[in-house]
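Student: Sequence:
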Amino acid sequence: MLAKLFSYHPEKPIDLHREITGGLINFMAIAYIIMVNPLILHANGAGFPLNAAITSTVAIIVVMTIFASFVIKLPFVLAPGMGINAIIAYNLVLHDKLSVPTVLGVVLFSSVLLFIFSVTKIRQIIVHAIPEILQIALSAGIGFFLFFIGIKNVGIVSANNNTIIGIGHFDLPIILTCLGFIAASVLFIKRKIYAFLLPIIVISLIYLIVYPQSLPKTFIQMPDFSLFMQIDMLAALKLSVLPAILSLFIVNFFDATSTTMGLLAQLHFNSQQEKGSYLKKSLLTDSVGGIVASFFGISPSVIFVESSAAIQNGAKTGLASFITALICIPFIFLAPLIGVIPSAATSPVLMVVGLIMLSNIRQIKSVNFEDIIAIAITVIMMPLCFSITAGAIFGILSYTLLKLMLGKFNELSPTLIVIAIFCCGWFWLN
Numbered sequence: 001m002l003a004k005l006f007s008y009h010p011e012k013p014i015d016l017h018r019e020i021t022g023g024l025i026n027f028m029a030i031a032y033i034i035m036v037n038p039l040i041l042h043a044n045g046a047g048f049p050l051n052a053a054i055t056s057t058v059a060i061i062v063v064m065t066i067f068a069s070f071v072i073k074l075p076f077v078l079a080p081g082m083g084i085n086a087i088i089a090y091n092l093v094l095h096d097k098l099s100v101p102t103v104l105g106v107v108l109f110s111s112v113l114l115f116i117f118s119v120t121k122i123r124q125i126i127v128h129a130i131p132e133i134l135q136i137a138l139s140a141g142i143g144f145f146l147f148f149i150g151i152k153n154v155g156i157v158s159a160n161n162n163t164i165i166g167i168g169h170f171d172l173p174i175i176l177t178c179l180g181f182i183a184a185s186v187l188f189i190k191r192k193i194y195a196f197l198l199p200i201i202v203i204s205l206i207y208l209i210v211y212p213q214s215l216p217k218t219f220i221q222m223p224d225f226s227l228f229m230q231i232d233m234l235a236a237l238k239l240s241v242l243p244a245i246l247s248l249f250i251v252n253f254f255d256a257t258s259t260t261m262g263l264l265a266q267l268h269f270n271s272q273q274e275k276g277s278y279l280k281k282s283l284l285t286d287s288v289g290g291i292v293a294s295f296f297g298i299s300p301s302v303i304f305v306e307s308s309a310a311i312q313n314g315a316k317t318g319l320a321s322f323i324t325a326l327i328c329i330p331f332i333f334l335a336p337l338i339g340v341i342p343s344a345a346t347s348p349v350l351m352v353v354g355l356i357m358l359s360n361i362r363q364i365k366s367v368n369f370e371d372i373i374a375i376a377i378t379v380i381m382m383p384l385c386f387s388i389t390a391g392a393i394f395g396i397l398s399y400t401l402l403k404l405m406l407g408k409f410n411e412l413s414p415t416l417i418v419i420a421i422f423c424c425g426w427f428w429l430n
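Numbering (this note's numbering), first residue to last: 1 to 430.
To be clear, the hints were calculated from the coordinates, so they are not data collected in a lab.
Please note: incorrect hints may appear among the correct ones.
Computed spacing ranges between beta-carbons, pair by pair [stated by the list, open to error]:
#1 327 - 411: 45 to 51 Å
#2 412 - 160: 36 to 42 Å
#3 421 - 13: 44 to 50 Å
#4 274 - 421: 29 to 35 Å
#5 216 - 401: 28 to 34 Å
#6 161 - 418: 23 to 29 Å
Straight line, CA to CA, 16 Å or less: simulated EDC-like cross-link-like pairs of lysine to aspartate or glutamate [what the hints assert, rightly or not]:
#7 97 - 232
#8 4 - 15
#9 408 - 370
Keep in mind it's a predicted model, so treat the numbers as computed, not measured.
Cβ atoms here follow ideal geometry from the backbone N, Cα and C, with glycine treated the same way.
Start from the sequences, fold in the hints, and give me the full structure.
Tutor: Quick look at the structure:
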């Protein structure tokens, strides 16, 4: 019964232990979004109402992740994109002075564009035009990016006025992170299904014993649905708002597409046709997520890169994502509990998963030096720019320009050249 609901291969039995633990691990990996996303959109009081943003964030995660569990049938979690929310808060709200209802209109129309591209197969054509070595590089780059997020969140590295970035001050949270990283690595190498979940639980308990003040004063917070259906479509149709729509569309397109490709690269499929079918369903689902998010009053939801945690734990079906969604539901009322899970507990998982994804670079066999340049730029620029989109665009542009300048026109498709031109447009919009 479960196999028919959550898998396209009902003849294969579902490993309940791996799917359930995968769902728990995915929740632990994405739990921070429930607080971080509203805080970013709140923009120090200038943007979205905080309590309403928390409610809308949880609601979109639950609804779209359940939708994905039945449609994509892979352990993918959908949540508000963590780069897109910064664009909305700091570019559209603070810089462009757009009202929240107008911003929601921008989210709607940019997501409708994405949906059209997905339905008409334009998006798939673009994805297939990207060379396989760049697709693998995207996966590796996302891994490097995740590792960097892990060490940055806990303070292993920090900003430095003299050297831009430097080593942080080693305190108990950093020591716990390092121990958690070693523990998670050893358990993963030994193929233990609790490799990621156990370190998170143990470190969280130790942290709360040492820092009991971290416990919230209240555990209950009534949901605030005031952002629902607050969209202003007419205001978003003004000519002056068009650049905002195009900017959000381009960022969402490359961010969501590159993340999806990176996650699919970690899974094993019986054929390229089967992989293409999953890709189509995934791209269509994340475009629907943006449309739904606009009516929920929140930033666009996308397939989240942290879904890697469940995949690496051995989860293979939509049951894992369904479990994640169910765990999220109570947090509509219990949002303060999210603060109980410290960065010291989640960072080790991000670091290990990041290194696992980075190891995908081994799939690239014999390549020319110009390919190595494009691969390196893709991988390195993601964490340096703190943007998956930027890394993907730098990689595509460097690959295309190098092939053109070397006269290797037969290695370029017309579609890839058009993509490169649009990548230049992204720089102009930024």
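Student: Does each hint hold? Answer for all of them.
Tutor: So, going through the hints one by one against the coordinates:
no. : hint                  : in the structure
1   : 327 - 411: 45 to 51 Å : 46 Å, holds
2   : 412 - 160: 36 to 42 Å : 41 Å, holds
3   : 421 - 13: 44 to 50 Å  : 48 Å, holds
4   : 274 - 421: 29 to 35 Å : 32 Å, holds
5   : 216 - 401: 28 to 34 Å : 52 Å, violated
6   : 161 - 418: 23 to 29 Å : 42 Å, violated
7   : 97 - 232              : 15 Å, holds
8   : 4 - 15                : 14 Å, holds
9   : 408 - 370             : 11 Å, holds
Hint compliance for this structure: hints 5, 6 are broken, all remaining hints hold.
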